[in-house]
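Number of protein chains: 2
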Amino acid sequence: MSESTPDWLHQRALISPERLAVAAGGERLSFGELEGRVNGVAGWLRAQGVGQGDRVALLLRNGLPFVTLVHALSRVGAILVPLNIRLTPAEVRWQIADVGARLLIYDSFSAATALKAVNDLADIRAVSVEDLSSSPGPSPSRFQLDAPHSILYTSGTTGQPKGAVLTYGNHWWSAVGSALNLGLQADDRWLACLPFFHVGGLAILLRSVIYGHPVVVHESFDPVAVNRAIDEEGITLISMVATMLQRTLDARGERPYPPTLRCILLGGGPASEALLEECARRGVPAAQTYGLTEAASQVATLAPEEALRKLGSVGKPLMMTEVRIERDGVPVEAGGEAGEIVIRGPTVTPGYDGRPEANAESFHEGWFRTGDIGYLDSEGYLYVLDRRDDVILSGGENVYPAEVESVLRAHPAVEDAGVIGVADERWGQAPVAFVVLRETIAESELKAFCAGRLARYKVPRQIRVVEALPRNASGKLLRRKLAVDSAG
Amino acid sequence: MSESTPDWLHQRALISPERLAVAAGGERLSFGELEGRVNGVAGWLRAQGVGQGDRVALLLRNGLPFVTLVHALSRVGAILVPLNIRLTPAEVRWQIADVGARLLIYDSFSAATALKAVNDLADIRAVSVEDLSSSPGPSPSRFQLDAPHSILYTSGTTGQPKGAVLTYGNHWWSAVGSALNLGLQADDRWLACLPFFHVGGLAILLRSVIYGHPVVVHESFDPVAVNRAIDEEGITLISMVATMLQRTLDARGERPYPPTLRCILLGGGPASEALLEECARRGVPAAQTYGLTEAASQVATLAPEEALRKLGSVGKPLMMTEVRIERDGVPVEAGGEAGEIVIRGPTVTPGYDGRPEANAESFHEGWFRTGDIGYLDSEGYLYVLDRRDDVILSGGENVYPAEVESVLRAHPAVEDAGVIGVADERWGQAPVAFVVLRETIAESELKAFCAGRLARYKVPRQIRVVEALPRNASGKLLRRKLAVDSAG
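Protein chains in written order, with the numbering used here: chain U, 1 to 488; chain F, 1001 to 1488.
Since the hints were derived computationally from the structure, they do not count as laboratory data. As the structure is a computational prediction, the values presented were derived from the model and not from experiment. Don't take every hint at face value.
Computed footprint of chain U on chain F; a stretch qualifies when at least three of its residues, placed anywhere within it, have a C-beta under 8 angstroms from a C-beta of chain U [said to hold, decoys possible]:
hint: 1; region: 1181 to 1188
hint: 2; region: 1206 to 1213
hint: 3; region: 1316 to 1323
Even for Gly, the Cβ is constructed at its ideal location relative to N, Cα and C.
Please model the complete structure; the sequences and the hints are all you need to start from.
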């Protein structure tokens, strides 16, 4: 039998019932109150027939209902499937069908998408979060650490999203590894302005009950509100991506941050040197992080005090995580040579849900191939050179070129398509497409075609017509060449 | 396969090679330097033929050799058996034979005891720690969390010590649970003035590498040196027993402690109300703790700020530890009724080494019966009323009456014997014996008989002659009645 623990929230409510658990949209709940709320929602879920192993998809903005549902799903043994609220109905439909969700819970923001997505799908019901009610829930049972807690969709080379299974153990070890890395202070208070459907946001919720620290929830990212929360609510920790941090700094002007703010965990892709230097100059404690959905968030983190000495590095691995660099499957020594970043440790997903080929490709001897390219310097600091599979990092969202290309190629006028990321002042990167046409068609028409099938952040900013795309002898699209050619 | 982690010290040395790891007797080693030292000692151990699963006993005072050996034994897959340096040769001999140690490593303080103990025992060699040398060690391998890390001897009703097996996982979860309880600060520095052969001392060593925090090692307890270390070395955490804390406070006078000292973990038995009130008055951050060898140290801890509101309580359980009270094997609700303290969680020993009957008695359905008596108040705070089996807590050492009684009864002049603890200003408690004699014998002669067979702290302070001992109908000695009668 695998290691097990008490239900996290239940145990936390026994230990510190009166401590603040969550502040969201004007409501403030202690751990004891949250436990009561969760118990009621768990009872409601059970009354809906949701039980052990059932998959329940959420299409929700950040807020108390999301927080409550995360813990209530655990209470009834169900598996959380948090969906990106920016997906189109077709994308949501594909993911809920793929995961075999039996319930989709949506809020007013996503109602139209949700109802279109489930339309005529068998075996799944869509329920508005406003229709949740409360009834006495089941008694908390123990969490088996190797049981699946959640399934988070992420894309890849194929352009088809895959659901990464994260176990209770993955999340637990991630919380512990992060605490050993960042420390744990009695006055800690984490601001959640990243969406909870991303692993970096979800991790904050779980850490909150494991650590016994409050989480302050913002419904969406607003740089002015972030600055206010830092000043007025004693925020000590924030998870952000580089574009969010830049906008937060811009909104603040030169007014210094209070010493209570001890760490901004900066993930979702590389921060520019200019941003890191601005942080150092202004005394903003930014910690560059390399994280993955498949590793329940943090893999490696650079301490803020090393930000300038190791400019551009994402630091050292978490205590229980091993990182190595491989070339053609063979590990290379630390000290410079670049290759694929390969990781191992208790935060790493047991695999993608229902994807035996992808799993066979991604795992070997307990190591997970990230697909990202990087190197370890002679002191063992990790540098990430290229995110996996030419992924485009746009405002904290991952855009997979292959996914956009396959939509473009589905248009009858398009013979071939290649997508790359180009620098964008606000979002870090934005997708740009290159197409070979069969017949003339307006750029706006192709964009509209994409917008009907892809979340807005995936729709190419520009679509340029070319004679041919650079491909190698075996026909593989050379996106890096496309980038160089387009810049030249 | 069970969960595994990288070798803790090796990973810590990769992550923070230059951070101070240990300060002991004028030497200061970084984690990188400690790793080098440990590698050399691991090589030496291997050259001695010590390998996977071998049991190696240490009879050492606190110091760098102890620290190095703890990690080096892990590196070669051997099991650490730390022995109490106050044991007599006969007691050491019994324990090393019982555990099947193949090597006993001693220092100058324990040389005579060690050599007498191993005299003519087959299959075990005694080696002086001064004869340790260095040769290149094996590469670090992963730690399986369910593999035994150490065996610590503890006594019980039978009077015969039993070796509690502690796995890597027990120690790991203890470190994590303690961090979630006490927090983790970048400037943390733990003072080890408890012996490393006790679980509370050993835990500090393992936490040091897991947390990446320095440990300042004192060879033995010296209240003046403790006060100096707090003032001059930035000590933030100390583990102590009540008598040590009282002597430390007495030695200091009224001079306040610096704010860097954030927690004194107070274990090993109840602290007096007078001491707790003195701590509150003087702003000394003492955290009463209930710990057990069998649970890799902390089970429950009371936060210093609650010391007066919950006077005498040992607080709430660690995050992953469950505590309940049972009467006749049936759990009782929190809120007042006293019974046996029963615990469950990942820090709890898998069992006593080679003691199937004791294990059958101590475990049921994953719960461990501590033998201690206590209750949970309506808010879930634990109070310990009586330590198990009338154990006498003398200056941080456990004295088991049954063990002392069986020595007394072995004397030809003694027909029956009963041992209890009486209040002692310096040590908290001291053992006192009541004997029924067959023939007249001087108290001094009986004490000398005990001193030849028992560590000094176990030898009765007084031996009183009585007509008969109070026993119940089935012949069980009523020690509590003995205590009342002797007081009256």
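Consistency of the hints with the structure:
1. 1181 to 1188: holds (count 4)
2. 1206 to 1213: Held - the region 1206 to 1213 of chain F has 3 residues with a Cβ nearer than 8 angstroms to chain U, which meets the minimum of three.
3. 1316 to 1323: Three-residue rule met by the region 1316 to 1323 of chain F, so holds; n is 5.
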